[in-house]
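In the UniProt record's numbering, the protein residues as written are 1 to 348.
No wet-lab data here; the hints were simulated from the structure. One thing to keep in mind: the hints can contain errors.
Distance windows between CB atoms, simulated [unchecked claim]: (1) D58 x Q199: 47 to 55 Å; (2) T279 x T98: 50 to 58 Å; (3) Q191 x K228: 28 to 36 Å; (4) I251 x K131: 36 to 44 Å; (5) D58 x P180: 40 to 48 Å; (6) A175 x Y342: 33 to 41 Å; (7) K203 x S33: 33 to 41 Å; (8) A148 x Y22: 21 to 29 Å; (9) Y342 x I134: 47 to 55 Å; (10) K132 x K203: 43 to 51 Å.
Ideal placement from N, C-alpha and C gives every residue a C-beta, glycine not left out.
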Amino acid sequence: MQKLVSIILDCIKKINNERTIYSILHLLNGKKSSQTIQDAHLFSIKKYFGVYESLTRDSFERIIDEMADNQWIKPFGEQRYLLTPSGELYYKKNPVLTHLNGWKYYSISKLFWERLSLFIQVTSNLVYKEKKYIPIQKNKDIHKWVKACLVGSNISRQEIGNKVFHELMECLDKAEGIQPSVLVFRLTGYQQIGLTAEQTANKLNMDMADYQLEFINILHYMIEKISKNEKNFPLLSFAIHDIKKANDLTISTKKTWNLYRRGYSINRIAKERNLKVSTIEDHFVEIALNVKNFSIDEYVDKSQQEKILEVARRVQTRQLKQIKEMLGSVSYFQIRLVLAKYGERQWN
1 MQKLVSIILD
11 CIKKINNERT
21 IYSILHLLNG
31 KKSSQTIQDA
41 HLFSIKKYFG
51 VYESLTRDSF
61 ERIIDEMADN
71 QWIKPFGEQR
81 YLLTPSGELY
91 YKKNPVLTHL
101 NGWKYYSISK
111 LFWERLSLFI
121 QVTSNLVYKE
131 KKYIPIQKNK
141 DIHKWVKACL
151 VGSNISRQEI
161 GNKVFHELME
171 CLDKAEGIQP
181 SVLVFRLTGY
191 QQIGLTAEQT
201 ANKLNMDMAD
211 YQLEFINILH
221 YMIEKISKNE
231 KNFPLLSFAI
241 HDIKKANDLT
251 ISTKKTWNLY
261 RRGYSINRIA
271 KERNLKVSTI
281 EDHFVEIALN
291 VKNFSIDEYV
301 DKSQQEKILE
311 VARRVQTRQL
321 KQIKEMLGSV
331 SYFQIRLVLA
341 KYGERQWN
């Protein structure tokens, strides 16, 4: 569980006692709440968003207890912890996986794998002219996608298997920070059934939690590399070209955003949607995080923005209460807007 522990330690270090440990669980689970999204950005831990969706509260709490028993973290308030020198040393000796990019790819990783695994199975069997086999993926939409790729590739069915193989090898060859076997052992081809996740983890003598993170790490690596070099991967790029960009706003925030663009004020949006003003303010903070051309000047004048950022830089904190106590005249909403719009870059 070394890799998962390192991620949690990194999050505890960056949050620096400004959130409870459960904010980390929500982050790893990919919880699409305004608070979790804000935390991911403000504490520069976006890359971990949604990388371990199946992590349960009980399992997470056991890991926290073990980390505390090992004196890698120490309690500092209710449900809050700080990293110890021992924890810092453990983290340095066991750095986190280098290619995780959860915020960018968490929503497309599963679909990418489903497409890739079936595409490789189908093209492998085409090479040997085998028509009788059970598709590794059951989703009919994935089947339709593979058929469309075969039609659109303009490559003979005999040749396409070899080209896919060479593209896959080029993508994985000499790559730093990944273990190709984590993915390759799971691939199904002609007269060869891929291993399950559990079987692969056992074969590689890996803890299941760490295997899952390694698997996500290699998927994110591949998506990133293929995206940046589509000309080198004309076939593999089929798997991502229509799913590259996930929409960053939650469903509820999208509705608020649409009303704002129609000229509605915060109070009017709250009334129209029958929601609390504070909820709509949460949406506006989320919008400030994700919509580049959204201006917050209507809600916080320039001089106030500068004061908020100056205080946040000086005391190196994202704690709203501390910033408000030092400024007094600004609201919590204004502080949150400014930190959402500009705060992340102050600590990167």
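Practice problem: Any hints from earlier that this structure breaks? Give me their numbers in increasing order, please. | Solution: 1, 2, 5, 8, 10
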